[in-house]
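Undergrad: Assemble chain Y onto chain H, guided by the hints.
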Amino acid sequence: MAPHSDVSSSTEPTPENPESGSTTSADPQRRGRVRLRRAAVMAVPATLATVALAVLTAEGALGVQFAISGMPFTVTATELNGTGFEQFGGLDNMAPGSPNAGDTGGQVLVVTSAIKNATLTKLCQSVDLGGTNLLITAGGGKEKVQATDLTTDSTELSGDAAFDDIEIGNDASTLTRAGVKGPIGVFSQQARTVRIANLRQTNYATTAGVFTLPGLKLRFSSSGC
Amino acid sequence: MSERPRRGLRPAFRGWRSRRPFWGGLLLALGGVEVLLTMRASLKVVLHVGMQGVAGYLLPGLMVVLGLLVLFNPAQRLFYSITGVLVSLGTWMTSNLGGFLLGLLCGVVGSCLAFGWLPDQEPRRRLRRRAAKAVAP
Chain H
594 MAPHSDVSSS TEPTPENPES GSTTSADPQR RGRVRLRRAA VMAVPATLAT VALAVLTAEG
654 ALGVQFAISG MPFTVTATEL NGTGFEQFGG LDNMAPGSPN AGDTGGQVLV VTSAIKNATL
714 TKLCQSVDLG GTNLLITAGG GKEKVQATDL TTDSTELSGD AAFDDIEIGN DASTLTRAGV
774 KGPIGVFSQQ ARTVRIANLR QTNYATTAGV FTLPGLKLRF SSSGC
Chain Y
149 MSERPRRGLR PAFRGWRSRR PFWGGLLLAL GGVEVLLTMR ASLKVVLHVG MQGVAGYLLP
209 GLMVVLGLLV LFNPAQRLFY SITGVLVSLG TWMTSNLGGF LLGLLCGVVG SCLAFGWLPD
269 QEPRRRLRRR AAKAVAP
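Chain order of the listed sequences is H and Y.
In terms of the numbering used here, the first sequence is residues 594 to 818.
In terms of the numbering used here, the second sequence is residues 149 to 285.
Isolated chain Y (complex conformation):
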């Protein structure tokens, strides 16, 4: 990052975003946060329910961690996204039907986006045309 000239925060963020499955990782992490927000049961009660009670916190916590890992270590995105989708599905059983379905859907969609992401693609046709127009005149 440091060797490139500073062009302001927005283009820098755009560049950073273009090198990782940004929306995939973000959705997966946000899904985990949503599930955690619906949990909030006191630890004493959770421990009484037993192993499944602990898993109720473990799985959404893992979703957050995996989402952040997709963002900050995109090279390993295949492993993170496959684990992420399995963990997201697991929250259906352990954590309030996957945060009342919302967090589960966020996690699954985010994992799929991260899985389907590829670096260094040809720009979309629409963008290419715009770039050509910018160069032509």
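Only chain H is shown next, with the shape it has when bound in the complex:
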């Protein structure tokens, strides 16, 4: 790829646009520029498509995926109902020479929680962007937020939890409920259903999952959730 791009950047007149380039060295005043009408040919449908995506998401017709790590990220919900819940511990390695390593030898204990399907009421997510928070709220109306394959690493889930068919003390490699398998020989627990009231998680680690967000509202705010 590199030699090809070198060729085309130094010798501009290509079969695709033979009119270009030939006069640039002779007349430096002639230069390429953006023709507004031409740009509008793409800008108008692109804007419409952006709006359509936002509207479809706000109606809950389109699932969006979140995969966030390394920034302060808060999720709250008044109620979470989930099926297929797993939780297991594991060791995660920091980058070599990380200043956070301290006396831990560069390893941190993380707890991975996974929920196969979850329904959340009055979801609020806030991302700290340094000074301002991006606030995403959804599911306040009749339709609830649906999340699938909700996976979080190293978080404390706080809230009032209730489980059905809970199995505590399984080996993490034998988990079946949410489709994630942990490392062998690690303590774990799983449950068929989970119900957490006043859910709140604040974490700097990974959160991932596919969400449908009916009633989506995006706004910037000075305070988080």
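Source of the hints: derived by calculation from the structure; they are not laboratory data.
Some clues are possibly wrong.
[As the list claims (entries may be wrong)] Partner residues aside, some chain Y positions facing chain H, computed with beta carbon under 7 Å:
(1) F161
(2) S166
(3) M187
(4) G204
(5) T231
(6) V233
(7) L237
(8) W240
(9) M241
(10) L245
(11) F248
(12) C260
(13) L261
(14) P267
(15) D268
[Said to hold, decoys possible] Sample of chain H residues at the chain Y side, in silico, Cβ under 7 Å:
(16) R624
(17) V627
(18) R628
(19) F756
From the three backbone atoms N, C-alpha and C, an ideal C-beta is built for every residue, glycine too.
TA: Same frame as chain H, but now just chain Y:
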């Protein structure tokens, strides 16, 4: 480049910039970088989410590549910009609402600029007047 006399870096860069949709390509690539910066989830978790999880990295990566291609191979800018705008829109679904909207907007604006760019245009009226003034006295 080599046959022209050296006139310092700035005019050379100006000349290089004038022969490609510079801001379009740059915005598209930067939009991709921004989306990638918001992603940073560990690969294990991403693979668990599945195909959509992999796409979450694939699409912003493509944005960066397409932005660089617009810069370094401007002859094919139509294809790159059309692909770029579609991929940018796709990041809404796969990558944190398109890097919390910012990267998506950068990518779409950059693609539109690259699409609307034409080589070898008449200088703007303001520039032409300035050039005439420079010649006249």
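Undergrad: Could you run down the list of hints and mark each one as holding or not?
TA: Going through the hints against the structure:
1. Restraint check, Y:F161 versus chain H: the minimum CB separation of about 13 Å is more than 7 Å; hint violated.
2. About 3 Å separates the beta-carbon of Y:S166 from the nearest beta-carbon of chain H, less than 7 Å, and the hint is met.
3. Here the hint on Y:M187 is kept, as its CB sits about 5 Å from the closest CB of chain H, short of 7 Å.
4. Checking Y:G204 against chain H by beta carbon gives a least distance of about 5 Å; that is within 7 Å, so the hint holds.
5. Because the closest C-beta pair between Y:T231 and chain H is about 12 Å apart, greater than 7 Å, the hint is violated.
6. Annotation: interface hint on Y:V233 holds; nearest CB of chain H at approximately 5 Å, less than 7 Å.
7. Restraint check, Y:L237 versus chain H: the minimum CB separation of about 5 Å is within 7 Å; hint holds.
8. Of the supplied interface hints, the one on Y:W240 holds, with its beta-carbon coming within about 5 Å of a beta-carbon of chain H, less than 7 Å.
9. Restraint check, Y:M241 versus chain H: the minimum CB separation of about 5 Å is within 7 Å; hint holds.
10. With a least beta-carbon distance of about 6 Å to chain H, the hint placing Y:L245 at the interface is held under the 7 Å criterion.
11. Annotation: interface hint on Y:F248 holds; nearest CB of chain H at approximately 5 Å, less than 7 Å.
12. Taken as an interface hint, Y:C260 checks out: its beta carbon lies about 4 Å from the nearest beta carbon of chain H, inside 7 Å.
13. Hint status for Y:L261 relative to chain H: holds, with the closest Cβ pair at about 5 Å, below 7 Å.
14. Against a cut-off of 7 Å between C-beta atoms, the interface hint on Y:P267 holds, since the closest Cβ of chain H lies about 4 Å away.
15. Because the beta carbon of Y:D268 sits about 5 Å from the nearest beta carbon in chain H, less than 7 Å, this interface hint is met.
16. Checking H:R624 against chain Y: minimum C-beta separation of about 3 Å stays under 7 Å; hint holds.
17. Given hint, H:V627 at the interface with chain Y, holds; its Cβ is 5 Å from that chain's nearest Cβ, closer than 7 Å.
18. Here the hint on H:R628 is kept, as its CB sits about 5 Å from the closest CB of chain Y, short of 7 Å.
19. The restraint placing H:F756 at the interface with chain Y is violated, with a minimum CB-CB distance near 21 Å, outside the 7 Å limit.
The structure is inconsistent with the numbered hints 1, 5, 19, although it conforms to all the rest.
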